[in-house]
Amino acid sequence: MSMENIEILLVEDNPNDEELTLYALRENNITNQIQVARDGAEALEYLFCTGAFAGRQINDPPKVVLLDLKLPKVDGLEVLERIKADERTRTIPVVVLTSSHEERDIVESYQLGVNSYIVKPVDFEQFNEAIRHIGLYWMLLNKTPLYKST
Amino acid sequence: MSIGQLTKHRTVGLLGTGLATIMQNQIWQGAMEAAQDHGTRLVYYPTINLSSIPPFDPQSKVLFDLVDARYVDGLLVWYAGIAEGAGIDRGASILERYKEIPLVTIGGGFKNYPNLSIDNYRGVYSAVEHLIKVHNYRRIAIVRGPIGHPDADERYRGYVDALQAYNIPVNPDYVALSLFELATANEMTEMVVAHWFQDLHLEIDAIVAASDYIALGVIKAIEARGLRVPEDIAVVGFDGVDDSQANIPAVTTVHQSFHELGRQGIDMLLTLMDGQSLPAQSIMPATLIVRESCGCTAKSLSLLNTELETHTEPDISASSLPDKRSVDALIAVAQDLNIPLSNLENLAKLFKSDRRSITSNQFLSTFRQALIQAQKVHFDAITWQNAISVLRQQELSDSNGDIGWLGETLFNQARVLVTEIHQRVYIRQQLKIKQQTEKLMQTSETLITSFGEQLFVDTLYERLPELGFPSFYLSLYDDSDQPAMWSHILLAYDNGQRLDLPPDELRFPTGRLIPEYVHPVHYVAPIVVEPLYFRNEQQGLLVLEVGPMEGLIYENLRAQISSALQGSRLTQQVLTRTHQLESANKELEAFSYSVSHDLRAPLRSIDGFSRILMEDHASALPADVVRLLGIIRSNTQQMGRLIDDLLTFSRLSRQPVNKQVVNPIDLVQQVMETLRIDLERRKVEIEIGELPICQGDPNLLKQVWMNLLSNAFKYTREREVAQIQIGCMQEHGEQIYFVKDNGVGFDMQYVNKLFGVFQRLHRSDQFEGTGVGLAIVQRIVQRHEGRIWVEAEPNVGATFFFTVQAGS
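The listed protein sequences derive, respectively, from chains A and B. Oh and the first sequence: position 27 is 27 in the working numbering, straight run, nothing missing. Oh and the second sequence: position 12 is 12 in the working numbering, straight run, nothing missing.
If you're looking for bench data, these hints aren't it; they were derived computationally from the structure. We treat Cβ as the ideally placed atom computed from N, Cα and C, and that holds for glycine. Take the hints with a grain of salt, since some may be wrong.
As the list claims (entries may be wrong) - According to the in silico footprint, chain A covers these stretches of chain B (three or more CB under 8 Å from chain A):
#1 603 to 613
#2 634 to 640
Claimed, not checked - Cβ-Cβ distance ranges computed for the label pairs, FRET-style:
#3 B/Leu675 x A/Gln33: 39 to 45 Å
#4 B/Leu588 x A/Asp86: 56 to 62 Å
#5 B/Asp765 x A/Asp86: 54 to 60 Å
#6 B/Lys659 x A/Pro145: 57 to 63 Å
Chain B with its partners taken away, still in its complex shape (with noise of 0.2 Å):
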């Protein structure tokens, strides 16, 4: 298949934050629907961590360069994606890269690309306008969000002339800023707050808050000082994402529909892609939802929700609605529920009947089946009790007031049907999240422990599937160091089925994410690319096609097979460093055989013949050459003792510990009687205390106690009576043997060179010695998992402590 035919279909590509914000979700869910509509394919490049510092993580900046101008027709760009954080500037920097591809932002403008973005300023204003109408109040602060942020600057705007128009000056002590995102608010918002409540005492009636986030911040923290929102103060804010709706009090906010965003942004990356020009700026209305958090009170929420340029006079008592207001309402009403207004009619007529008669009972039942029918979408239990509320209204205003006590029992049993139904929505909800999270936590489980890339690919083809995605496909950069170059795959997944990969034709320039051949032409369907990295380690790219819309289950999913594949190829080095190391320890086996065998064979000709020198021609030889045949001859036996030394220590690391339990008075007996030759003619003074018994291999141990004796022996032989002291301490459920001697002792600051090998404290023609011995004993000590040290003062004495596992 050409190029020609997979350019067919155009793809576009929407960068925008991590895909498990709720806003960041709406503006894909939107952009995919519109994406579909007009038969293109759109690829979701998610931006990392907006709320890290620096944001523009490493990871970021991979996804970035991933947004290929070869192979994407046209860019859709959320704003938070790229400059929330990091400032306009950045932003502005990084969008440099695209000039060749035709793009459109959403959310803040840059400059010399189109822009689509709510009614920040209309928005701002009316929100105030209601605080100022509706509660009288005066002292309205705010906390913003970024300077040169353009949805910023506009909502502080509508804010400045909102107050401006009402005659109440700008106090700059009333403004204060914060970040937009859940991660910062919390901490900003409680910043402010505090400053204003103790620094400046300011007196507050009502907090605008730039977002809803920061609108929550700012709730928690004023009533963490022991004030009520809204009876002390009110607090409004803006985006009207989910949790806004869900506190208690619920959040007077400005709505901001995310999913129209992608969708008409999408729409008009298509315009332009068509080659038509567009406005440099766009705006969508902004809605006024009144909920709770800005003073009013439940009753009157369903009426005040209102499109902002009607001007609604918000004062209106239910009772007393025009018929017209009462129709527009019912109509409007139809609308949010995305049903003919002549079911509402229709349910208007049954309650009609239904309250004049007892035994008639239409109304219930066709309201029920009507939600029934509405949850198999979408639920939205708010708008149908507004539809109750506007039902009622209607029937108030035909009846002069009065409904009668059957009607108003039909009305608050059709609110107890809405909450049930709700409450089932909800539950099912859950248990789905609750489902989900249940299948995320097993493949997360398997994919830890999916040592080796088969089993990790093999576990992924199992349980990507059963995740919801009908394909994806796994490649790996070629060079980490410049992941945008080439890339090879290492598994496709493609509708169901498992594709075998030609093994010469994996790689593929990364921009184009899925090889040629892989990508089938007829694809339209939306994918997401998800960047593996390992902390700073680029690894590759996951693309999944789109199937679960919890954007959390892409991102953990990105999460847990970065660090599969990691701990993957840690096994993989493992097993390769192993299998280098077994190979060295041969090569080294060999070579200490061979120095033991080739390196000892001459020594012991110069040894022997100088001997036999020595022996036999004697008369011969001037006393000067056999005391010089006598120095080649000691020298020759102590290059042989350096020699069995080394070997041993070398064997001590490969050596297996036969662990057993040992008596070490044992082996200090043995030890002592090996010594008694060396103690002839001396005074020494031994004090053995208790030597509880432990675990270890037997022979070791006595190598240990026999160097660590006598290096004492030795070192003590210039006093008048040697003193050495042989023990055990508990401490901290440790065993630790100890051998004290009052020797030569050492300078402690030599203490380090100590345990080397060949490193020697002292002159041989002090102390002879090969300078293993202790290098000796702490390897023994090392390969019986114990700690070896040692205290030390010149010409006092040396005590050495080593511990060992108790015995059983």
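Next up, chain A with everything else stripped away, as it sits in the complex (with noise of 0.2 Å):
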């Protein structure tokens, strides 16, 4: 896969409910090049362009990012937390797809600046629905700001 043109980063420590996402998404013609990271820490070398992505672009950043709350290393209100910390990543947005229907996270992502919450149902059917409303609105409707380089 190439570096280039990411537009998502799918941040998920599962690997089932990965290839579900996966699936969704391409059941619903969402083809957009997808970056996935398994744990917090990986999500951030990605989007901060360190480490294993030391040599990626950080002006080239992904249209969206859904990003698990519960995941190894570095969790996701913390990756969530440093994403909306920067400048050069604060208007990326974010969707914080999760199995967590805690009042507390909800409340606190955003507090830190989440885009969207979504809880993933367990029925496919409503998940599949709620893949294809992220793709629609987050990838063909919602308009970003370029990134300006400092």
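Need the complex rebuilt from these two chains, each delivered in its own frame; the hints are there to steer you.
As structure tokens, then:
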């Protein structure tokens, strides 16, 4: 997979959920370039172009980050915080895609500046529907400012 | 310091009743005086409630265990403290445990122990003799004390012998029984008098009561029947307690000096401890005090108070007294007043000169000085009035029965002086009691609000010295099931000083009462041990160095400190439990978080991949496999709903309730909007009555309406026309909302299961559901301090009622 023009960063540690998400995206004809990070640290390396992704350009951000909250190493809320705390990444839309219904998580995510919070339904039809909406909205309808280098 | 040094001063124990009783208080004071004279420490162990039945509550048992042979060199036991109510056998078995300690009893003997008692026999004998000889009564009844009680038996023997000496047969109908004490005497004597008067219709001239409290009870019962004492029936008592003197009519009684009983008891005990032997029975003389209740008139009172042994002729009239008697009377009065005879003789001399000259007024001013001197220690108005009578009689006999108007006036003025001083002494005592009571109440209030151990300890340090306690020590039992084993000291206040307690030296054997290092060797000051307890729970012991003499203070303190201790313990427990609860709650939150996250993820995979199989590979799969995959999916989804509902339910317990004014109509409409899809293609009649506003959390209350209404729709599904009624009733100021349906209902015998989590009354192939909905409803209503209940009948329908606080 080319490192260029990645449009969706999926941060998901559960391979089954990853496969189902990718399946749902495909089924809904969202065929954009997708990068998968399997823990919070990897996501941060990708976004801030460090470690394995040191060769990447930071002024080429994904169109949207689909972020699970419960992640190994660095958890989702911290990833979210780091994205929104840094001027260079702040404008990247982040959609939390999680199993957690916890009011606490929802409130904290919004306080940290999440753009959308979606609870993954158990029922695959509903899950599929949710993914469809995400793709439609963030890939097609939403406009983000072009990255301005400092 | 060594034990050797400590035991240099001997310690004697006094085991008696609670200090609040006058008799015990006087015994205690007499014993303290004697112990002090001998440089011996007196430890007072008050047993608790004599009249409680069974009298040996756990408290007293602990007290008996606290008397430890290792730390007590001798023991004085007041019979009433261990055997009254429980009986002599029980008392004797308690004394068994003290066989290593030299032991003397007072006020009622046991085998094997030397005893000191008042002359119970002669006391009653002379009272009965007085009734027969002076008043010519022959029908004399007796309310005797408990059979087997040594004092009671002796007193009864005096009654029998006195009657027989005057050839009066003892009629069993005239003999009745009561306990001695105040608490029980009233009730028992009322029964006795009722039996005599109403059942037996006895003709009674006089009643001999085995104690003053019995006498007072008898008088009350007689007066309640419209009869007068002594005019219709005479009554005599025994003991000479203050109550009998204060009564109207004042009770004629046999006086026993409890003070002397305590004093001489200690003297005897110390003699025994020195290795000398004592007679099995020692007797103190009893004095008949003639007052009004026997029928004597007030005028002749003073001279009839007489030692029994003298066998006075009581009918001598005042004016014909011989000189010898008059001098004897003067000596007796001087003794009673505890003043030198010369003082009285001087008064007599001054009187003689005053009554002859109007310009001389030495008598009254000297008399007044004597009274002022006397009231500083103790003021006995009656004896002073007696003194005036004696002086007057002496003067009358000296002047052939005529002392002139000036003489009578002087005596009358002297009597007024006595009354005046007496009133002031009385008022002063009342004020003192009032102040003490106020201090006690303040202490009590402060103690009750002293939550937490430290605050409680500080309060005691501050308050007890104010109540007049020079030293006090509070310790808790290490093991409340074995109080007598080990204790640890919580606070020590020693001669005006708060002691620092070394943390590694707090423990001591309970019987020692105070740890060795806290307890200075030179100490001989008397102490009182008050065991602390709350209901059946033994807490510890309060040791007080004797300060105030009012026994009630000691008893009140015990009660207050016990409950304050309990309060402070409870507070501590609440704090600990709250902490435990908080951490349990946190664990639960963490648990439900991971349930929420981790249990749902695999379900999503099962459902998702089954779906992919069914969709993408349908052509490769036999139809049956597709059907089975469908079953897997529906179960997975059901499991997902169960988890979601369970999480909702658990969240409800923790989530704060944000109360505001809520209009239930809005909530119902929102819910109906959501449920509209379910009602398509169904005939449903919904009747919405008036729904007044209420106070609550709109989100939570919406959930209540949602669950109740969706249930109503669900369980009316099989009805041709579903009828659902929503409304509100007002009852006893409560707002009761209800949802009524004509659905399948249920049998009320299962109603208890209805609101439980995962409890269902219908099979899921009939009506789908997780069995959590009503549990959620109940939890929400309870968190609003409301109630929920249901009325139902199978195949008729169900009505759910719930209350919510009315809106303002």
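Here is how each hint holds up against the structure:
| no. | hint | in the structure |
| --- | --- | --- |
| 1 | 603 to 613 | holds (count 9) |
| 2 | 634 to 640 | holds (count 4) |
| 3 | B/Leu675 x A/Gln33: 39 to 45 Å | holds (43 Å) |
| 4 | B/Leu588 x A/Asp86: 56 to 62 Å | violated (36 Å) |
| 5 | B/Asp765 x A/Asp86: 54 to 60 Å | holds (56 Å) |
| 6 | B/Lys659 x A/Pro145: 57 to 63 Å | violated (44 Å) |
Checked against the numbered hints given earlier, the structure breaks hints 4 and 6 and satisfies all the rest.
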